[in-house]
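Could you build the full structure based on these sequences and the hints that come with them?
All the letters of the sequence shown, read from the start, carry residue numbers 1 to 124 under this note's numbering.
The set of hints was computed from the structure by calculation and includes no laboratory data.
Take these hints with a grain of salt, some might be off.
[Said to hold, decoys possible] DSS-like, lysine-lysine: derived pairs with alpha carbons at most 30 angstroms apart: (1) K76 - K37; (2) K66 - K92; (3) K94 - K80; (4) K40 - K91; (5) K91 - K39; (6) K80 - K91; (7) K96 - K39; (8) K76 - K66; (9) K6 - K39; (10) K92 - K6; (11) K96 - K66; (12) K80 - K96; (13) K80 - K40; (14) K66 - K40; (15) K91 - K37; (16) K96 - K76; (17) K76 - K6; (18) K92 - K80; (19) K76 - K91; (20) K66 - K94; (21) K88 - K76; (22) K76 - K92; (23) K94 - K76; (24) K40 - K6; (25) K66 - K88; (26) K66 - K91.
[Claimed, not checked] Here are the computed distance ranges between Cβ atoms for each label pair: (27) N20 - G113: 19 to 25 angstroms; (28) I87 - G35: 30 to 36 angstroms; (29) L105 - N4: 24 to 30 angstroms; (30) A107 - G35: 35 to 41 angstroms; (31) R29 - K66: 28 to 34 angstroms.
Since this is a predicted model, take the numbers as computed values, not measurements.
Ideal Cβ placement from N, Cα and C applies to all residues, glycine included.
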Amino acid sequence: MKKNIKNIRCLSCPEGCVMNADYDENESRIISLGGYKCKKGISFAEDELNNPQRILTTTVAIDSVKSGRLPVRSSKTVPKSSLSMMIKEIKKIKVKTPVTAGEILAADFMGSGTDIISSATFTE
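This is the structure we're talking about:
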């Protein structure tokens, strides 16, 4: 049994608990967990150690006179290990105005099951 002590900052709520997990890498399970203040922490630690996920946030080019970049995000979480690859592909997207916040710019991006959506509105 290969054990590791991992420190994890929970992102489930504003509390931001710092948890200490005694983790068995061979069995992909937590042996003991401390530092959490609510049940969300337990679930977050399990997910973070076995399959970390994040909302992807970045910018794309836009033909706006106000700004040359449009902030975008994924509509749901994606595997943390895929973020770099996905950002490289997103950088190829070029958007024409008008665009509204929440507008889908790329549906089922890279077959991930998540959409890339605008985080801002630009009319010119």
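Do the hints match the structure? See the list:
1. K76 - K37: With a Cα-Cα distance of about 25 angstroms, the restraint between K76 and K37 holds, given a limit of 30 angstroms.
2. K66 - K92: The given pair, whose Cα atoms are some 20 angstroms apart, holds under the 30 angstroms limit.
3. K94 - K80: holds (24 angstroms)
4. K40 - K91: violated (34 angstroms)
5. K91 - K39: Violated - the C-alpha atoms of K39 and K91 are around 38 angstroms apart, more than 30 angstroms.
6. K80 - K91: holds (18 angstroms)
7. K96 - K39: Violated: K96 and K39 sit about 44 angstroms apart, past 30 angstroms.
8. K76 - K66: Distance of about 28 angstroms is within 30 angstroms: holds.
9. K6 - K39: holds (18 angstroms)
10. K92 - K6: violated (36 angstroms)
11. K96 - K66: holds (13 angstroms)
12. K80 - K96: holds (29 angstroms)
13. K80 - K40: holds (19 angstroms)
14. K66 - K40: violated (41 angstroms)
15. K91 - K37: Distance ~39 angstroms between K91 and K37 Cα, so the pair is violated.
16. K96 - K76: holds (24 angstroms)
17. K76 - K6: holds (26 angstroms)
18. K92 - K80: holds (20 angstroms)
19. K76 - K91: holds (19 angstroms)
20. K66 - K94: holds (15 angstroms)
21. K88 - K76: holds (18 angstroms)
22. K76 - K92: Cα-Cα ~20 angstroms, so holds.
23. K94 - K76: holds (21 angstroms)
24. K40 - K6: holds (17 angstroms)
25. K66 - K88: holds (24 angstroms)
26. K66 - K91: Distance of about 19 angstroms is within 30 angstroms: holds.
27. N20 - G113: 19 to 25 angstroms: violated (33 angstroms)
28. I87 - G35: 30 to 36 angstroms: holds (31 angstroms)
29. L105 - N4: 24 to 30 angstroms: violated (39 angstroms)
30. A107 - G35: 35 to 41 angstroms: holds (39 angstroms)
31. R29 - K66: 28 to 34 angstroms: 51 angstroms Cβ-Cβ, so the 28 to 34 angstroms window is violated.
The earlier numbered hints that this structure contradicts are 4, 5, 7, 10, 14, 15, 27, 29 and 31.
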